[in-house]
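Visitor: First to last, the protein sequences are chains A and B. Residue numbers for the first sequence follow my numbering, beginning at 8 and rising by one. Residue numbers for the second sequence follow my numbering, beginning at 165 and rising by one.
Quick caveat, the hints were computed from the structure, so don't treat them as lab data. Idealized CB from N, CA, C, for every residue including glycine. Heads up, a few of these hints could be off.
[Said to hold, decoys possible] Sample of chain B residues facing chain A (criterion: CB under 10 Å; computed from the structure): (1) 213; (2) 216; (3) 268; (4) 302; (5) 357; (6) 375.
[To be verified] Straight-line C-alpha distance at most 30 Å; calculated DSS-like pairs for lysine-lysine: (7) A:203 / B:209; (8) B:212 / A:210; (9) B:209 / B:289; (10) B:300 / A:127; (11) B:229 / A:127; (12) A:127 / B:376; (13) A:203 / B:229; (14) A:127 / B:371; (15) A:210 / B:209.
[What the hints assert, rightly or not] Chain A stretches covered by chain B per the calculated footprint, using a threshold of three residues with CB under 8 Å from any CB of chain B: (16) 69–83; (17) 228–234.
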Amino acid sequence: MLNIMQITLKGIFRDRVFQGIMALGVLFLFIPSAASLSMRQVTELSITLSLSLISFILLLLAVFLGSTSLWKDMERRYTFSVLSLPLSRSSYLLGRFCGLALFLILTSTVLGTVAGLVIKMAYGIYPSDRPIVWSWLALAVLFATLKYILLVGVAMLLSTVSTSFFLPIFGTICAFLSSGITQQVYEFVNSPAAAKTVSPLMKPLVTAVYYLLPNLAGFDLKVNAIYGIAPNPAGLWLTFAYFCAYTAILLGAATLLFNRREMK
Amino acid sequence: MRPVSAPAVLLVAGLLAYGLLIGPFTSYMANKPVEEKLGFVPSIKLIKPLSADQKELMGASLVMKVLMYFGGAVGKSQDARIIGEPVDLQGMSRLLHGAVQLDPYNMDAYYFAQGFLTWDAKQFKVANELLDYGMKYRTWDWYLPFFAGFNHAYFLKDYPKAATYYQRAGELSNNSLFINLAGRYMQEAGRTDLAIAYLTAMEQNEKNPALKKEYLIRLTAFREVRRIEEARDRFRQQRGVLPHSMEQLLQSDLLTPVPVDPYGGNFYLEADGKVASSSRFSFARTGNPKGDK
Numbered sequence: 008m009l010n011i012m013q014i015t016l017k018g019i020f021r022d023r024v025f026q027g028i029m030a031l032g033v034l035f036l037f038i039p040s041a042a043s044l045s046m047r048q049v050t051e052l053s054i055t056l057s058l059s060l061i062s063f064i065l066l067l068l069a070v071f072l073g074s075t076s077l078w079k080d081m082e083r084r085y086t087f088s089v090l091s092l093p094l095s096r097s098s099y100l101l102g103r104f105c106g107l108a109l110f111l112i113l114t115s116t117v118l119g120t121v122a123g124l125v126i127k128m129a130y131g132i133y134p135s136d137r138p139i140v141w142s143w144l145a146l147a148v149l150f151a152t153l154k155y156i157l158l159v160g161v162a163m164l165l166s167t168v169s170t171s172f173f174l175p176i177f178g179t180i181c182a183f184l185s186s187g188i189t190q191q192v193y194e195f196v197n198s199p200a201a202a203k204t205v206s207p208l209m210k211p212l213v214t215a216v217y218y219l220l221p222n223l224a225g226f227d228l229k230v231n232a233i234y235g236i237a238p239n240p241a242g243l244w245l246t247f248a249y250f251c252a253y254t255a256i257l258l259g260a261a262t263l264l265f266n267r268r269e270m271k
Numbered sequence: 165m166r167p168v169s170a171p172a173v174l175l176v177a178g179l180l181a182y183g184l185l186i187g188p189f190t191s192y193m194a195n196k197p198v199e200e201k202l203g204f205v206p207s208i209k210l211i212k213p214l215s216a217d218q219k220e221l222m223g224a225s226l227v228m229k230v231l232m233y234f235g236g237a238v239g240k241s242q243d244a245r246i247i248g249e250p251v252d253l254q255g256m257s258r259l260l261h262g263a264v265q266l267d268p269y270n271m272d273a274y275y276f277a278q279g280f281l282t283w284d285a286k287q288f289k290v291a292n293e294l295l296d297y298g299m300k301y302r303t304w305d306w307y308l309p310f311f312a313g314f315n316h317a318y319f320l321k322d323y324p325k326a327a328t329y330y331q332r333a334g335e336l337s338n339n340s341l342f343i344n345l346a347g348r349y350m351q352e353a354g355r356t357d358l359a360i361a362y363l364t365a366m367e368q369n370e371k372n373p374a375l376k377k378e379y380l381i382r383l384t385a386f387r388e389v390r391r392i393e394e395a396r397d398r399f400r401q402q403r404g405v406l407p408h409s410m411e412q413l414l415q416s417d418l419l420t421p422v423p424v425d426p427y428g429g430n431f432y433l434e435a436d437g438k439v440a441s442s443s444r445f446s447f448a449r450t451g452n453p454k455g456d457k
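Isolated chain A (complex conformation):
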């Protein structure tokens, strides 16, 4: 499995993905000047822009790397040669996942450091009324990384059942978009206001979908980092536990399906 992880990381670097990220990372240089357009919250805007850029880059990586990693191997028929080695399919898949997760962690560490410097610079030019809480900023980046690692899991699960890259890519994007609103829909359907307007059949259906889809809204700590609002520690642990449980389910299901998959 460690070998596969290494191969995955090497493959990503060989494909010059990191250089691509660095090219996008040039946008960080423009953040202080863009943030200075704000009237009263230059530092806050620079944090918003930095975290958004990190989030966007990680999303692209999670969707495209996660969806194409397995598909590319199968398309190029690399899987035959790899799986002919004394190596189980499970450790192949888990190795791929861990390699991608490690790459996301590496990327967010580098981008997080750059963002820190940019924010410090913006803060130096126009100090904000609210002090910057660096640990919450780091927590926001950490939880964003966890969120996208989970999304890699979704992409890999979809890859194991798909014959092309369309289902994993679009499926992952759909899962990502819906993951932000499932909480709102669930709360609305279960609110007294909806009791009259929503049919009784919808309620269990929505609840089932709510439990099935990943709920990624809890991983978003941007507001806490931007405006220095203390996050709830118990909630953070619960979110972390949710990440572990949900990722375990995704990887378990993906491995089972991958083990049964016929390779032609």
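Got chain A; can you put chain B on it based on the hints?
Guide: Structure of chain B alone, referenced to chain A:
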């Protein structure tokens, strides 16, 4: 001679056409009507789910859109005129309300909305409701109760309510000025002082040159009003009666130099001695609604 290849012809033709078109296209975009420039923004109910985990960014970009638009409208003004073309205040308000639904902590939205909803649009109730909404989230921020207090005192003349907001601003900022103001706004006499204190604070914190300019002009006007009020009070002290006109006040040598209204109006005294101006402290009232000379 080598024949020219078709792709090269296409590229050169494209470059030439682009070079010819980009000028007219840029000026067409720059001169688009107001409504088209501020643009149609879909309902926040739709933007919210679509912006996924980028709600703060979406909120900030809506605020920026309004700011750029307003900055452009002010930039077009000439000769110290504030607004050169009718500004879509309703559209601006709609976008800012959307922005705080996406990110209820966005200070720029409250700050900017307060700036134009009160002075320009005269929508005091809308402004106060927005500030009350913001206070639920920005619990540490003294600016919001400070603005709400000012709106109640200066525009709505609801002094008891103004006093409570100033008290809250005072508690949050530990600034004695607000606490003093809270007490003083029970009486109307302090209104010009209040406006000067408020605008000075706004002007000092302002980085946007267009808004800074707007505040400075209003501040100059109010300082002139204050000067007239002081002269009027001295006149009453000396002679026991209120001056019946500005001319009488000027002839008494209590008011030198002659006060000038930067909005182009003429100062006059109302029957109760209140200082007013024919401009009503707005360029629109001086007979130049479009702002040009």
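Visitor: Output the indices of the hints that this structure fails to meet, ascending.
Guide: Hint check: 5, 13 and 16 fail, others pass.
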